[in-house]
Amino acid sequence: MEENKPTAHSLEELKDIRRIMERSSRFVSLSGLSGVAAGICALGGAYIADQIFRNYYGEYNSRGFTTGDDFSRLKIKLILLAAGVFVLAFSSAFYLTWRKAKKQGLPVWDPASRRLAWNMLMPLVAGGAFILGMLRYDIWIFVAPACLVFYGLALVNASKYTLSDIRYLGYCEIILGTVNMLYTGLGLWFWGIGFGLLHIIYGIIMWNKYERGN
Amino acid sequence: MKNPITGLNKIFDNRIRLGVMSVLMVNEEISFNDLKALLEVTDGNLATHLVTLEENGFLKVHKGFIGRKTNTTYAITRLGEKTFSEHINALENMIKGVK
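Protein chains in written order, with the numbering used here: chain A, -19 to 194; chain B, 178 to 276.
These are calculated hints, taken from the structure and not from any lab test.
Glycine residues also receive a C-beta, built at the ideal position from the N, C-alpha and C atoms.
Incorrect hints may appear among the rest.
As the list claims (entries may be wrong) - Computed Cβ-Cβ distance ranges for the label pairs, DEER-style:
{"hint": "1", "chain 1": "B", "residue 1": "N266", "chain 2": "A", "residue 2": "N188", "range": "30 to 38 angstroms"}
{"hint": "2", "chain 1": "B", "residue 1": "A252", "chain 2": "A", "residue 2": "F51", "range": "50 to 58 angstroms"}
{"hint": "3", "chain 1": "B", "residue 1": "N210", "chain 2": "A", "residue 2": "F66", "range": "45 to 53 angstroms"}
{"hint": "4", "chain 1": "B", "residue 1": "K240", "chain 2": "A", "residue 2": "I28", "range": "28 to 36 angstroms"}
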């Protein structure tokens, strides 16, 4: 019995060390439900975008032509839609993660989450600038692939600072974006699968793995 | 047989000091307030242990400012890293030794 005491103590200490190292270097409160929420927003956005396109081409078919004005209106509608979807997806994802952190009694804004945000933001900002640059020259066909590839890179980069499973979602997005380059006409479909379906699948897997038990 | 206790360091016997070293092993540097939040300890308690660790040469203190507020950050030293690694190894050996 006496023999066991220091061992139990060292085991306890090692567990403590592991837990603290993990917690101070990775943001572990990212909720799977955040993924599901973001995915639903994306699917909704893709559906509305599809309606907008249908209207635009419907007009073209019935009138036989579209004007430059029609096109700039289409552009503005789509950009506003994209911004709306982004804000909605981000805020719902943030809310669900904030709720999980609160439940775990962990801070939302600590060195680990700051590092996660910074490393995630870098590829996203670069991607955003790149896409805006393309839009300036009316290069629409690469918008969806660029969104997917840059987002995938952001996730892979961020995976070092949160639950590392997110890297697989990143790989999938990158592959999807790359394949999308070959089928540029199907951008909206790829976009919907990448940001909608994959998010929902990922979110459910993560929720099952880390949250359901608690 | 080698004594499994060699390598264990008395200084890391305390939970807070153990916590501080664990955080510093994986963070290049960290501020006093972040440490406090991570380890859930009071100012005075944490400060005392940080002094002990500093006096032993296990961590470096950097006093800076954010605007007018002081911002003290801590980083691990070579010696601290080496000593703490030995401590972890010793703990692992103890567990293996009994099995």
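Here's how the hints hold up against the structure:
{"no.": "1", "hint": "B:N266 with A:N188: 30 to 38 angstroms", "result": "36 angstroms, holds"}
{"no.": "2", "hint": "B:A252 with A:F51: 50 to 58 angstroms", "result": "56 angstroms, holds"}
{"no.": "3", "hint": "B:N210 with A:F66: 45 to 53 angstroms", "result": "32 angstroms, violated"}
{"no.": "4", "hint": "B:K240 with A:I28: 28 to 36 angstroms", "result": "54 angstroms, violated"}
In terms of the numbered hints stated before, the structure departs from hints 3, 4, listed from lowest to highest.
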